[in-house]
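Assemble the complex: chain A is given as a structure, and chain B must be docked to it using the hints.
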Amino acid sequence: MKTDHEKEVFDLVRLIFRGIRTAVMREEFFAVVDFLHGIDSCCGYLDLNEGFNNWLVPKLGLKSCYREWPWLVLDLFHVSDEEDKRVIPGQERELIAGLGALLCEYIDEKKAGDIDRHSRNQVFSMVETIFETPSVFVMREEFFAVVDYINGIDSCCEYLELNRGFHDWLLPKLGLRSCSYAWPWLVLKLLPGYEADHMARVFPSRERELIDGLGKLMCEYLNEKQSNAFR
Amino acid sequence: MGGRLIPPEFPPPAVSNARDAQTVVELRMFPVVDTPSRDPGKTTQNTYRSTSRTAQQRYEDFSHHVKDIHCGSADHLTNQNPVPPSSGVTCVGCEGGFIPWDTAAVPADFDEFWKFIKWWRDLYRSIPPGPWKKYASIAFYGVLVVSVIAYLIANLEALDDVLEELEDIINEEKEMTEKEFNDLLEQLKNHPGQKGGNGSGGGGNKPPAPPIGVPDPENDDKEWPKQENGNCEDVAKEIYKRLNEKNQLNDTGAELEIKEITSKLRVLGPSKHNPDGDWWNHYVVVDKTNRRVYDGTTGPNGVSYEEYKSWFEYDDFINWGF
Chain A
1 MKTDHEKEVF DLVRLIFRGI RTAVMREEFF AVVDFLHGID SCCGYLDLNE GFNNWLVPKL
61 GLKSCYREWP WLVLDLFHVS DEEDKRVIPG QERELIAGLG ALLCEYIDEK KAGDIDRHSR
121 NQVFSMVETI FETPSVFVMR EEFFAVVDYI NGIDSCCEYL ELNRGFHDWL LPKLGLRSCS
181 YAWPWLVLKL LPGYEADHMA RVFPSREREL IDGLGKLMCE YLNEKQSNAF R
Chain B
1001 MGGRLIPPEF PPPAVSNARD AQTVVELRMF PVVDTPSRDP GKTTQNTYRS TSRTAQQRYE
1061 DFSHHVKDIH CGSADHLTNQ NPVPPSSGVT CVGCEGGFIP WDTAAVPADF DEFWKFIKWW
1121 RDLYRSIPPG PWKKYASIAF YGVLVVSVIA YLIANLEALD DVLEELEDII NEEKEMTEKE
1181 FNDLLEQLKN HPGQKGGNGS GGGGNKPPAP PIGVPDPEND DKEWPKQENG NCEDVAKEIY
1241 KRLNEKNQLN DTGAELEIKE ITSKLRVLGP SKHNPDGDWW NHYVVVDKTN RRVYDGTTGP
1301 NGVSYEEYKS WFEYDDFINW GF
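Note that the protein sequences, when read in sequence, are chains A and B.
Position 164 of the first sequence, counted from 1, bears residue number 164 in my numbering, the numbering being contiguous throughout.
All you need for my numbering is the position in the second sequence, starting with 1, plus 1000.
Don't take every hint at face value.
[Stated by the list, open to error] Chain B stretches covered by chain A per the calculated footprint, using a threshold of three residues with CB under 8 Å from any CB of chain A:
| # | segment |
| --- | --- |
| 1 | 1231–1241 |
| 2 | 1269–1277 |
| 3 | 1281–1293 |
| 4 | 1306–1317 |
It is worth saying that the hints were derived from the structure and are not from the lab.
Built from N, CA and C at the ideal position, the CB exists for glycine as well.
Chain A extracted, bound-state conformation (with noise of 0.2 Å):
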């Protein structure tokens, strides 16, 4: 029996792939999986690294593999990746939609999941690991897809509250009252000497600095967050 939570979880992943650009951050397959391991790795639910995963490996003819998913998806569409973990651009929005038709599959099969969802402390303490070894949560370790992974943490679970809370304690330290950019641009903006481009990439150079300074913000907020939860 799914619990209602689980029924939203899932309702959310097929909303994101209708509406792919409101969810993450540049339209692009390895984007979506950081958004989709966020989701994961704040509850069970979808199980993708074991039971989605063990769900392709048939589809592909084999009997076990040793490979991710997100290579599994990429097999199946026979796609390959590049060196750096990107797609040509021209395939991204036809191997989102594949990707999107093949987990909507497996959640209307999947059965009920045994891991229920984190506590607050649990997310808070993951989400500050993610900034200690940002490598082993995302795809590739760059400011936006840590972006995307945090996203999809927020997404699921009401701890965090990015777009309200973090956005909002952003907005004094950048001297403004309000503002509509959404809140790794507020981020980028109070870490001088970095602006996003258009495809919302940075400098390769100073993705690990930017990710750094991510991480202190955030770990900075979740502390006052947690302080006056307790209080």
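Then chain B, alone, in the frame of chain A:
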């Protein structure tokens, strides 16, 4: 002269009723500039002319000339009591029971002159055909031309008076028409697509209030708030303030509200004025009565709900609230 006058026909055209007479008046008084017909199938006679004076008023304007010139019967001036045609040509108005415009331009001794011309014509016609008739015709046309010239010279002063009067009337009509045109233009500016009220309350005899978003002269010098660097909440507040002032000033009864629109997921996604799609929320002013949306990109006229939503690529992923 205000407009070029078409010289009166000689003799005056036969017209069958007062409406035709009025049409003749209109056609000759004003330069022929037709406004769009209300009824596309109709001819020029039925063309709608935007003048403030009624046909009856215009008719009466000429009547004082006519009284002096013709038999003076009041019946002939109003067409209320048509008179049977008289045997003689003493009054053109008597022929049809009304006075057409052309006769107003004819001086008082026209009847005598006309009698003479007819008599001269009949005399010429009575001459039997023959070789010497061509000499008679030279004499006939010579006398005719000389008498017409003499008649015109004799009546020049009277004609001048009539023409001056006509000029005054034409100028008056022109001024009124221009005023009307300006009023109409103003009305159209304030009510795009509407001729009568704006359908949003404000009944009674009050003039129809314009939609709140239309710029007024007081605020024309103020630039419409510009949207930049994610300042849409401040912009929305400024727009609300302006629209609300105008709303109260004009008593439009429009229901205004600042609305925050948010994404159902992470960001609003690409839109016409934010192609990068990196806004996570946005503030707009909503006119619930007229179903229009205003923000820093819509300009003072705003846009309809539907049009505004269509600017967003993922409009069904947005919590609109309107």
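For each hint, the structure was consulted:
Counting residues of the segment 1231–1241 of chain B whose beta carbon lies closer than 8 Å to any beta carbon of chain A gives 4, which reaches the threshold of three, so the coverage claim holds. Given as covered by chain A, the segment 1269–1277 of chain B passes the check, having 5 residues with a CB less than 8 Å from a CB of that chain where 3 are the minimum. Counting residues of the segment 1281–1293 of chain B whose C-beta sits closer than 8 Å to any C-beta of chain A gives 3, which meets the bar of three, so the coverage hint holds. Only when three residues or more bring their CB closer than 8 Å to a CB of chain A does the claim for the segment 1306–1317 of chain B stand; here the count is 4, and the claim holds.
Comparing the model with each numbered hint stated earlier shows that all of them hold.
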